[in-house]
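Student: Take these sequences, add in the hints, and give me the full structure.
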Amino acid sequence: MTTPIVVPTEAETAESARRVLTGVTVLLGVLTLGLGIAVLAWPDATLFVVAVVIAIQLFGFGIVQIIRSFADVTASGGTRTLVAISGALAVLLGFLVLRSPLQTVVVIALVIGAWWVFRGVLDLVDAASGHTVDRGLSIVLGVISIVAGAIVLLQPELSLDVFRIVVGVWMVLYGIIIVVTPLVLRKIAQP
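So the sequence shown is numbered by full-length UniProt numbering: it starts at 1 and just counts up by one.
These aren't lab readings, by the way, just hints derived from the structure by calculation. One should not assume that every hint holds.
Said to hold, decoys possible - Now the in silico label distances, taken between C-beta atoms and shown as ranges:
| no. | residue 1 | residue 2 | range |
| --- | --- | --- | --- |
| 1 | Thr9 | Arg99 | 42 to 50 Å |
| 2 | Lys187 | Leu110 | 21 to 29 Å |
| 3 | Ala38 | Glu10 | 35 to 43 Å |
| 4 | Val169 | Val107 | 17 to 25 Å |
None of the values given here were measured: they were computed from a predicted structure. The C-beta atom is built at its ideal place from N, Cα and C for all residues, glycine as well.
Tutor: Right, dumping it as structure tokens:
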């Protein structure tokens with residue numbers, strides 16, 4: 001006796017992918033929030049510790065973006081490609097930060113600042129394209145990233161304490177928004 005093969009409908013597949021994306025996104029938000037709190041809570045952290053925390057966040061973000069590029073079946077091919085490139089660049093940047101974590105604050109600040117501006121611009125482009133459900137989230141995350149990146153790029157000689165605070169505040173804000181948004185969107189979508 002054979003068991004019939006049940007093929008999920010396109011709607012079921014999309015809903016399953018949406019659940020995976022939501023779970024992975026919330027996990028990234030919790031990771032980012034926790035790392036931001038850690039950076040702010042330990043003011044005596046060395047550059048090495050801050051670099052490792054930043055690298056962990058970049059790895060997490062990159063992996064989530066790569067998963068999102070494959071799982072988001074509703075996005076266009078161009079959007080999925082940009083998301084995948086963004087994820088790959090984040091992972092590469094994480095490795096570069098870990099390669100020599102005892103580099104000067106200026107070099108790490110410039111790399112992270114440039115990444116934040118790049119990521120912020122991508123978020124704003126995503127929001128402007130109108131293809132995303134969470135348009136408000138993309139705008140807020142884009143603005144936060146661009147502002148934090150601009151602060152770091154315009155003042156690359158910041159002391160470790162100021163750099164640590166900017167990194168910590170960015171991570172906390174980014175993490176809170178990433179965790180809260182899927183929950184709010186789910187509540188709005190319910191009848």
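Student: Each hint should be assessed against the structure and marked as holding or not.
Tutor: The hints, checked one at a time:
no.: 1; hint: Thr9 x Arg99: 42 to 50 Å; verdict: holds, 47 Å
no.: 2; hint: Lys187 x Leu110: 21 to 29 Å; verdict: violated, 40 Å
no.: 3; hint: Ala38 x Glu10: 35 to 43 Å; verdict: holds, 42 Å
no.: 4; hint: Val169 x Val107: 17 to 25 Å; verdict: holds, 21 Å
Hint compliance for this structure: hint 2 alone is broken.
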